[in-house]
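Colleague: Let's have the full structure, built from the sequences with the hints guiding it.
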Amino acid sequence: MALNKPYLDVPGTTIFDAEQSRKGYWLNQFCMSLMKAENRASFKADERAYLDQWAMTEEQKQAVLARDLNRCIAAGGNIYFLAKIGATDGKSFQQMAGSMTGMTEEEYRDMMVHGGRSAEGNRYLGEDGDAQPQHQPQGSAGRKAGA
Amino acid sequence: MARITASVYTSHVPAIGAAIDLGKTDEPYWQPLFKGYEFSKQWLKANRPDVVFLVYNDHATAFSLEMIPTFAIGCAAQYQPADEGWGPRPVPTVVGHPDLAAHIAQSVIQDDFDLTIVNKMDVDHGLTVPLSLMCGQPPQSDFAWPCPVIPFAVNVVQYPVPSGRRCFELGKAIRKAVESYDEPLNVQIWGTGGMSHQLQGPRAGLINREFDNMFLDRLIADPAGLATLPHIDYVRDAGSEGIELVMWLIARGAMSDVPRGASADVAGGAPPTLRHRFYHVPASNTAVGHLILENN
Numbered sequence: 001m002a003l004n005k006p007y008l009d010v011p012g013t014t015i016f017d018a019e020q021s022r023k024g025y026w027l028n029q030f031c032m033s034l035m036k037a038e039n040r041a042s043f044k045a046d047e048r049a050y051l052d053q054w055a056m057t058e059e060q061k062q063a064v065l066a067r068d069l070n071r072c073i074a075a076g077g078n079i080y081f082l083a084k085i086g087a088t089d090g091k092s093f094q095q096m097a098g099s100m101t102g103m104t105e106e107e108y109r110d111m112m113v114h115g116g117r118s119a120e121g122n123r124y125l126g127e128d129g130d131a132q133p134q135h136q137p138q139g140s141a142g143r144k145a146g147a
Numbered sequence: 148m149a150r151i152t153a154s155v156y157t158s159h160v161p162a163i164g165a166a167i168d169l170g171k172t173d174e175p176y177w178q179p180l181f182k183g184y185e186f187s188k189q190w191l192k193a194n195r196p197d198v199v200f201l202v203y204n205d206h207a208t209a210f211s212l213e214m215i216p217t218f219a220i221g222c223a224a225q226y227q228p229a230d231e232g233w234g235p236r237p238v239p240t241v242v243g244h245p246d247l248a249a250h251i252a253q254s255v256i257q258d259d260f261d262l263t264i265v266n267k268m269d270v271d272h273g274l275t276v277p278l279s280l281m282c283g284q285p286p287q288s289d290f291a292w293p294c295p296v297i298p299f300a301v302n303v304v305q306y307p308v309p310s311g312r313r314c315f316e317l318g319k320a321i322r323k324a325v326e327s328y329d330e331p332l333n334v335q336i337w338g339t340g341g342m343s344h345q346l347q348g349p350r351a352g353l354i355n356r357e358f359d360n361m362f363l364d365r366l367i368a369d370p371a372g373l374a375t376l377p378h379i380d381y382v383r384d385a386g387s388e389g390i391e392l393v394m395w396l397i398a399r400g401a402m403s404d405v406p407r408g409a410s411a412d413v414a415g416g417a418p419p420t421l422r423h424r425f426y427h428v429p430a431s432n433t434a435v436g437h438l439i440l441e442n443n
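Residue numbers (our numbering), protein chains in the order written: chain A, 1 to 147; chain B, 148 to 443.
Warning: the hint list may mix true and false statements.
To be verified - Lysine-lysine pairs mimicking DSSO-like chemistry, simulated, CA-CA at most 27 Å apart:
1. A:K91 to B:K171
2. A:K36 to B:K267
3. B:K192 to B:K171
4. A:K91 to A:K23
Unchecked claim - Stretch by stretch, here's where chain A covers chain B in the computed footprint (C-beta under 8 Å, at least three residues):
5. 226 to 233
6. 300 to 307
7. 428 to 434
Derived by calculation from the structure, the hints in this document are not laboratory data.
The C-beta atom is built at its ideal place from N, Cα and C for all residues, glycine as well.
Modeller: Structural data, given as C-alpha cells:
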C-alpha cells in the first residue's frame, strides 16, 4: 500500500515525509556536515570538490551550487538541514525562507512586519491566494515576469 | 513527592536567540517581543523550579537522518549548546537531572510510551531560546541557568510526527512519573515551538492569528478537544512548521486538571490559573505565542 499523503493539495508546500527523506538522504547529510567549522571552511574553499565527496545526484549538487532552496527541497532537502548552507553563507532563516518566494529580501521582510502571509486562498490548490502556482514568482520578480 | 507546579508555553525562534546574543533586544523590531517576556522573567525568579522538563524539537542538530526518535528523553548530566552552522550560542551549558530523567523514563516506558533514552547530545535553539526568554542572559559572574533541565525532544521534522492526542496522553504519563518520584522537587514543564509559521516553498511566511488565538484559547480551556485536531489542519492553517504546536499538548497534558496517567488513575482537579498570555507577530518568519499556567 502506498503512503497515505493527505497533504499533497497544500499549495507551495512540500511535506518532508519518508519518501522525500529517502530521496534527499545524502543532500541532507551533506548539510549536517556543515555544523563543523572546518567543514564549512573546506566547502567554501571549493564547493564543487566538497560536494563531490557525497553520494548526491548531479541535480542536488547543482541546486546547492545555485543556492536554489526550492530546487533543493524538490530534490529531497528539508529546510532545517538546508539551513546549514544558509548559515555557512551567513544568511538568516528569514533570508532563506524569503528566497523561496521570489520576493526580494525587503519585500519579504515587509510582508512579515505587516502580519505575514494570509492563509486565505492558500489552504488548498485551486484557490487564488498568493502562494498558488499561478501566482509565482511573487513580488517584483513576479511583476517582471508578467510584464 | 515531586510535583509539577506550572507549565510554560513559548515559541523558540532562532532569530530571538540571535537578537539576545547580539544585543539587539532594544531595537524597535524586537522591543515589543521582549516586552512580552518581562513579566515571565520576574515570574520565574519568584517561582524558581528545582527542575524544568523542557519539551522541544531538535532541528536536524543532534538527530540527523541517521536516527529519528519520535520521543527522546535526555538522561545525561549535561548538554552543550550546539553549533547549528552559525557557531554555538554563547549561553551556559545545560545541566541535566539524570536521576529524575531516568525515573521518568522508567515510569513512562512502563506506561506504554516507547521513549528513546539519550545519554549524549548537543541542544539547539529549540531548547536554549526558551531558556533565554524565561531566564534572560545569565551574568558572566554566575554563568549558569537557574536550575537543571531535562531535555525532551519530539520529532516534528520528518513526517509523520506524533499526533496531538498522543502528545496529550504522554503528558498525563509524565505527570504520573513526576508524582511518583520520592524527592519533593518543584518541577515545571515547558512546551515550546510554533506558533503559525512556514519556512519553505512559495507559501513561506504564512501567519494565522485567528488559528493561533483559537489554539491558545483551547489549550487553556479545552485541551482534550484541541488534542484531536489532525496534522493536516495544522499544516493548512498554521503552516508546515506550525506542526511544532503539538508539543504544547505534552506540557498541557501534564497539568493537574487533566486525569493523571495512561489509565487515568487520578481524576482531574481544578483548572489552572492563567498567569500570563502574550502573542506577537512577527519574529523573523514566525508568530510568537506564550502562556504561563499555574496548577491549583
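Colleague: Determine for every hint whether it applies to the structure shown.
Modeller: Evaluated hints:
no., hint, verdict
1, A:K91 to B:K171, "17 Å, holds"
2, A:K36 to B:K267, "17 Å, holds"
3, B:K192 to B:K171, "23 Å, holds"
4, A:K91 to A:K23, "25 Å, holds"
5, 226 to 233, "holds (count 5)"
6, 300 to 307, "holds (count 4)"
7, 428 to 434, "holds (count 5)"
The structure meets every hint from the earlier list without exception.
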